[in-house]
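Numbering (our numbering), first residue to last: 115 to 353.
Just so you know, the hints here were simulated from the structure itself, not pulled from any lab data.
Just so it is clear, CB atoms sit at the ideal spot from N, CA and C, and this is done for glycine as well.
Heads up, a few of these hints could be off.
[Unchecked claim] In silico lysine-lysine, BS3-like type, Cα no more than 30 Å apart, as pairs:
#, residue 1, residue 2
1, Lys316, Lys124
2, Lys316, Lys299
3, Lys193, Lys264
4, Lys183, Lys193
[What the hints assert, rightly or not] Just the calculated beta-carbon pair ranges, DEER-fashion:
#, residue 1, residue 2, range
5, Phe287, Ala205, 24 to 34 Å
6, Asn335, Ser213, 36 to 46 Å
7, Lys165, Gln334, 18 to 28 Å
8, Ser224, Phe141, 17 to 27 Å
9, Ser224, Asp291, 27 to 37 Å
10, Lys212, Gly281, 43 to 53 Å
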Amino acid sequence: MINKDATQAKAQFVHRLFSSIANHYDFMNSLLSLNQDNYWRNCLLQQIPLKSTDQILDICCGTGKMTVKIAHCLEYGGKVVGLDFCEPMLAKAAEGIKSHPNREMIELISGDALALPFPDNTFNHVVTAFGLRNLPNITEPLLEMYRVVKPGGTVTSVELSKPSQPGLKQIYFLYFDKIAPLLGKIKVGRDGFYNWLPESLKEYPDQHEVSNLFKQLRFQNVSCKELTGGIATIHSGIK
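Work the whole structure out from these sequences, hints included.
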């Protein structure tokens, strides 16, 4: 059973955390991942059977990096909606789309991934990039994503995960436990987010558990694709 008090407390903590680092988020993500975060988003985009006139929802869109990538694939009639509950992150996303050639096909909305403000069967595809791990739980948002995607549409997530290659897991957690907080403090002047990063990674279900959850929630043709030795993983399912 989901603890509502714990859910609310985590949501408030994450909101404060991301609000405080919005101006540095993209820079530090690229630095810490050696720019692999951009590659992982491209892999997610390639996973979606996207048509240029589709209606796409990007939840936990943050500064809009994934939203913008999707918009590049659209033409007249297509639309991508970026949703996030952190206003400073959305403000950065709004800055980023001002000069985008397809900016009229992008809509940014402040909203809760656990209670999406859309009717059932609204979108052709729903995606999230590095969002699920920061939510109070992943069952509720996946249920909401299932609800708002059209029958036959896909729900796809790319998220940091626990490496599967021998030896890499130890190096991975050493890096995020020790080096990431230090870099955060040097570059940003604070280490709260980068202390949260290893904690959230350890708490997040492994690849097999996430795949099983997709199946339990009635997704069909569930797929799991590890990237960079399992440092990130794409999960996808069809409604």
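Hint-by-hint comparison with the structure:
no., hint, verdict
1, Lys316 / Lys124, "holds, 16 Å"
2, Lys316 / Lys299, "holds, 21 Å"
3, Lys193 / Lys264, "holds, 15 Å"
4, Lys183 / Lys193, "holds, 12 Å"
5, Phe287 / Ala205: 24 to 34 Å, "holds, 33 Å"
6, Asn335 / Ser213: 36 to 46 Å, "holds, 38 Å"
7, Lys165 / Gln334: 18 to 28 Å, "holds, 20 Å"
8, Ser224 / Phe141: 17 to 27 Å, "holds, 23 Å"
9, Ser224 / Asp291: 27 to 37 Å, "holds, 33 Å"
10, Lys212 / Gly281: 43 to 53 Å, "holds, 45 Å"
Going down the numbered hints, you'll see the structure goes against none, and every one checks out.
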